[in-house]
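J.: Keeping their order, the protein sequence lines are chains A and B. Taking my numbering, the leading residue of the first sequence gets 1, the next gets one more, and so forth. Taking my numbering, the leading residue of the second sequence gets 387, the next gets one more, and so forth.
If you are wondering where the hints come from, they were derived from the structure by calculation, not from laboratory data. Warning: the hint list may mix true and false statements.
Said to hold, decoys possible - Beta-carbon label-pair distances, calculated as ranges: (1) B:Gln428 with A:Ile323: 30 to 36 Å; (2) B:Pro465 with A:Gly261: 50 to 56 Å; (3) B:Gly429 with A:Ile275: 48 to 54 Å; (4) B:Asn440 with A:Ile382: 20 to 26 Å; (5) A:Ile382 with B:Val556: 51 to 57 Å; (6) B:Arg430 with A:Ile275: 49 to 55 Å; (7) B:Gly410 with A:Gly305: 28 to 34 Å.
What the hints assert, rightly or not - Cross-link-like lysine-lysine pairs, in silico, BS3-like; alpha carbons within 27 Å at most: (8) A:Lys204 with A:Lys185; (9) A:Lys94 with A:Lys130; (10) B:Lys560 with A:Lys7; (11) A:Lys374 with B:Lys446; (12) A:Lys374 with A:Lys15; (13) B:Lys490 with B:Lys446; (14) A:Lys166 with A:Lys98; (15) A:Lys150 with A:Lys185; (16) B:Lys590 with A:Lys7.
Note that the coordinates shown come from a computational prediction; the quantities given were computed from them, not determined experimentally. Don't be surprised by glycine CBs; every beta carbon is placed ideally from N, CA and C.
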Amino acid sequence: MNHIALKMLTGDKGKYLGIVLGLTFASLIMTQQPAIFLGLMTRTFSFISDLGLPDIWVMDQKVQFVDDIKPLQDTELYRVRGISGVEWAMPLYKGLLKARLADGTFQTCNVVGLDDATLIGGPPIMVEGKIEDLRRSDGVIVDSEGIKNKLAKPSPTPGGKPIPLKVGDSLELNDRRAIVVGIAKVTRTFQSQPVIYTTYSRAKTYAPRERKLLSFVLVKAKQNENHRELARRIRERTGLAAYTRDEFKALTYQYFINNTGIPINFGISVALGFIVGAAIAGQTFYNFTLENLRQFGVLKAMGTGNWTLLRMILLQAVLVGSIGYGLGVGLTALFGFAMRNTILAFKFPWQLLVFSGAGVSLICVFAALISIRKVILLEPAIVFKG
Amino acid sequence: MAALNGINLDILMGELMMLVGPSGCGKTTLISVIAGILDQDQGRCLVFGEDLLNMASRNKLDFRARNIGFVFQTYNLLPSLNATENVSIPLIINGMKRAEAERKARSILEQVGLGARNAALPSELSGGQQQRIAIARALVHSPRLIVCDEPTSALDHETGHTVMTLLKEVALHKDRALVIVTHDARIFNFADRIAEMDDGHVVKVRGSLQHTTH
Numbered sequence: 001m002n003h004i005a006l007k008m009l010t011g012d013k014g015k016y017l018g019i020v021l022g023l024t025f026a027s028l029i030m031t032q033q034p035a036i037f038l039g040l041m042t043r044t045f046s047f048i049s050d051l052g053l054p055d056i057w058v059m060d061q062k063v064q065f066v067d068d069i070k071p072l073q074d075t076e077l078y079r080v081r082g083i084s085g086v087e088w089a090m091p092l093y094k095g096l097l098k099a100r101l102a103d104g105t106f107q108t109c110n111v112v113g114l115d116d117a118t119l120i121g122g123p124p125i126m127v128e129g130k131i132e133d134l135r136r137s138d139g140v141i142v143d144s145e146g147i148k149n150k151l152a153k154p155s156p157t158p159g160g161k162p163i164p165l166k167v168g169d170s171l172e173l174n175d176r177r178a179i180v181v182g183i184a185k186v187t188r189t190f191q192s193q194p195v196i197y198t199t200y201s202r203a204k205t206y207a208p209r210e211r212k213l214l215s216f217v218l219v220k221a222k223q224n225e226n227h228r229e230l231a232r233r234i235r236e237r238t239g240l241a242a243y244t245r246d247e248f249k250a251l252t253y254q255y256f257i258n259n260t261g262i263p264i265n266f267g268i269s270v271a272l273g274f275i276v277g278a279a280i281a282g283q284t285f286y287n288f289t290l291e292n293l294r295q296f297g298v299l300k301a302m303g304t305g306n307w308t309l310l311r312m313i314l315l316q317a318v319l320v321g322s323i324g325y326g327l328g329v330g331l332t333a334l335f336g337f338a339m340r341n342t343i344l345a346f347k348f349p350w351q352l353l354v355f356s357g358a359g360v361s362l363i364c365v366f367a368a369l370i371s372i373r374k375v376i377l378l379e380p381a382i383v384f385k386g
Numbered sequence: 387m388a389a390l391n392g393i394n395l396d397i398l399m400g401e402l403m404m405l406v407g408p409s410g411c412g413k414t415t416l417i418s419v420i421a422g423i424l425d426q427d428q429g430r431c432l433v434f435g436e437d438l439l440n441m442a443s444r445n446k447l448d449f450r451a452r453n454i455g456f457v458f459q460t461y462n463l464l465p466s467l468n469a470t471e472n473v474s475i476p477l478i479i480n481g482m483k484r485a486e487a488e489r490k491a492r493s494i495l496e497q498v499g500l501g502a503r504n505a506a507l508p509s510e511l512s513g514g515q516q517q518r519i520a521i522a523r524a525l526v527h528s529p530r531l532i533v534c535d536e537p538t539s540a541l542d543h544e545t546g547h548t549v550m551t552l553l554k555e556v557a558l559h560k561d562r563a564l565v566i567v568t569h570d571a572r573i574f575n576f577a578d579r580i581a582e583m584d585d586g587h588v589v590k591v592r593g594s595l596q597h598t599t600h
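Please put together the full structure from these sequences, using the hints given.
T.: Set out below in structure tokens:
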């Protein structure tokens with residue numbers, strides 16, 4: 001009877017497309033909006049993700065997220081280095097400084113100061129130049145998005161396209177000259193400010209004079225050392241906060257979840273998408289069954305049992321659900337691919353596929369159940385009504 | 387108010403019995419009970435010696451699938467299935483493989499004169515052709531009883547006559563009974579017996595019993 005169920009479903013192309021489009025829309029909304037949300041939230045800890053080498057981040061106890069800098073004294077670095085299980089510990093400066101551009105305007109930048117000797121904590125991908133070029137006088141490395149947009153030089157012709165910064169160009173950081181010696185690709189940050197890398201000692205000269213300037217101590221654990229255990233030891237011995245990379249990401253993520261309206265806004269979008277998609281698909285599928293009630297009645301009169309009819313309806317629901325889901329996630333993936341080089345945040349992990357798959361299945365099961373009820377209660381004698 | 391009351395009627399194998407009467411007199415209710423798709427509140431209805439009221443629902447479904455063929459006023463063909471697929475439905479319900487069922491369906495379509503239109507959808511066929519497909523569907527699994535509800539009322543006189551001729555020639559058989567509910571006085575002459583109904587009663591049976599009662 002399966003081929004009869006499929007023919008009944010696809011016989012009326014208009015209705016069939018209506019159900020599939022309803023489910024496609026539901027699936028699209030259920031994946032596209034959360035993918036943007038996840039992309040956005042991933043950017044909150046993109047700086048941590050980009051620094052692959054350190055296992056543990058040490059900071060002031062009051063730090064709530066990665067951009068919440070509460071400087072430490074430089075001596076804290078030596079205390080951390082003295083703890084057993086630490087392979088190495090390096091200083092990292094991170095701060096928001098104003099860069100003066102060629103046209104005299106100012107742009108706030110994320111300045112990162114790396115350990116002078118090792119340059120640990122540098123950008124993940126160099127587009128132009130080498131990280132060692134930071135050792136050149138006044139050298140800075142700028143992120144590839146920043147040079148094209150916020151740090152770009154104004155066009156010589158009014159209304160023309162800005163000219164990207166290039167290696168050799170200079171800018172001013174806190175009245176001190178900085179020369180671009182390299183261009184790096186970094187993961188876009190939540191605030192989307194340009195990222196400028198330099199050495200730790202040079203970063204301290206760019207930063208306003210303060211008693212304490214060390215933002216983080218980056219720690220590499222010895223081989224076979226338990227990271228959580230080492231972080232616990234660092235906390236105990238120094239009184240500072242110490243997190244593994246994943247813990248620090250989670251802390252940052254949680255801060256944005258708790259303190260911004262982003263999850264609620266996106267949650268509403270997703271919930272509305274689910275409700276609208278469920279309503280469209282459920283209603284269309286239910287109407288489809290109602291309109292086919294007479295056909296089900298004929299099959300019932302001829303001796304088809306309720307279980308067979310139930311199987312037929314479930315098959316129809318599974319088919320439209322699978323096609324709608326496939327099209328929806330396909331469109332989301334296409335959207336993400338099309339937006340990959342834009343400012344739009346987008347992250348599409350497998351968990352989202354499972355989530356939307358469960359959502360679409362729920363819609364289909366719900367629609368099928370209310371339809372099945374009608375068919376099971378159907379009196380086959382309706383076939384004799386004109 | 388009871389839809390049927392005090393009915394006492396035998397239908398014979400090899401007989402074409404017509405149930406006639408005004409609208410609302412209980413004709414359709416009676417064939418629904420006979421076909422096992424409606425349960426009566428009281429009384430007994432034996433079909434081939436089986437009391438359908440006391441039959442388990444699974445057995446009743448099997449009984450209907452094997453023994454009853456249906457022809458409806460509005461044909462009730464599945465619009466997205468072609469003629470062959472529509473005719474093969476009773477065989478598939480009875481567990482026959484699809485390919486075999488469709489082969490048999492094509493053969494019965496030849497018998498009703500629609501061999502050339504076996505791939506046509508109902509929407510591509512005239513009313514008369516659709517009713518012939520419905521007759522083929524009612525016959526394909528060789529049921530012992532065929533119930534027809536107003537089989538000619540949606541057709542013009544000539545087509546109705548053709549459909550009745552076909553029913554009498556192809557469907558009627560010594561091992562099979564036909565019960566036809568109709569208003570259409572033009573086809574009364576096809577009946578072996580006519581039961582006139584009114585107000586839920588059989589008021590008169592015209593014709594005579596000539597066969598063994600079942």
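J.: Please go over all the hints and tell whether each is borne out by the structure.
T.: Hints and how they fare:
no. : hint                               : in the structure
1   : B:Gln428 with A:Ile323: 30 to 36 Å : 51 Å, violated
2   : B:Pro465 with A:Gly261: 50 to 56 Å : 52 Å, holds
3   : B:Gly429 with A:Ile275: 48 to 54 Å : 52 Å, holds
4   : B:Asn440 with A:Ile382: 20 to 26 Å : 24 Å, holds
5   : A:Ile382 with B:Val556: 51 to 57 Å : 28 Å, violated
6   : B:Arg430 with A:Ile275: 49 to 55 Å : 53 Å, holds
7   : B:Gly410 with A:Gly305: 28 to 34 Å : 32 Å, holds
8   : A:Lys204 with A:Lys185             : 24 Å, holds
9   : A:Lys94 with A:Lys130              : 21 Å, holds
10  : B:Lys560 with A:Lys7               : 37 Å, violated
11  : A:Lys374 with B:Lys446             : 21 Å, holds
12  : A:Lys374 with A:Lys15              : 19 Å, holds
13  : B:Lys490 with B:Lys446             : 25 Å, holds
14  : A:Lys166 with A:Lys98              : 19 Å, holds
15  : A:Lys150 with A:Lys185             : 15 Å, holds
16  : B:Lys590 with A:Lys7               : 46 Å, violated
In this structure, the earlier hints numbered 1, 5, 10, 16 are contradicted, and the remaining ones agree with it.
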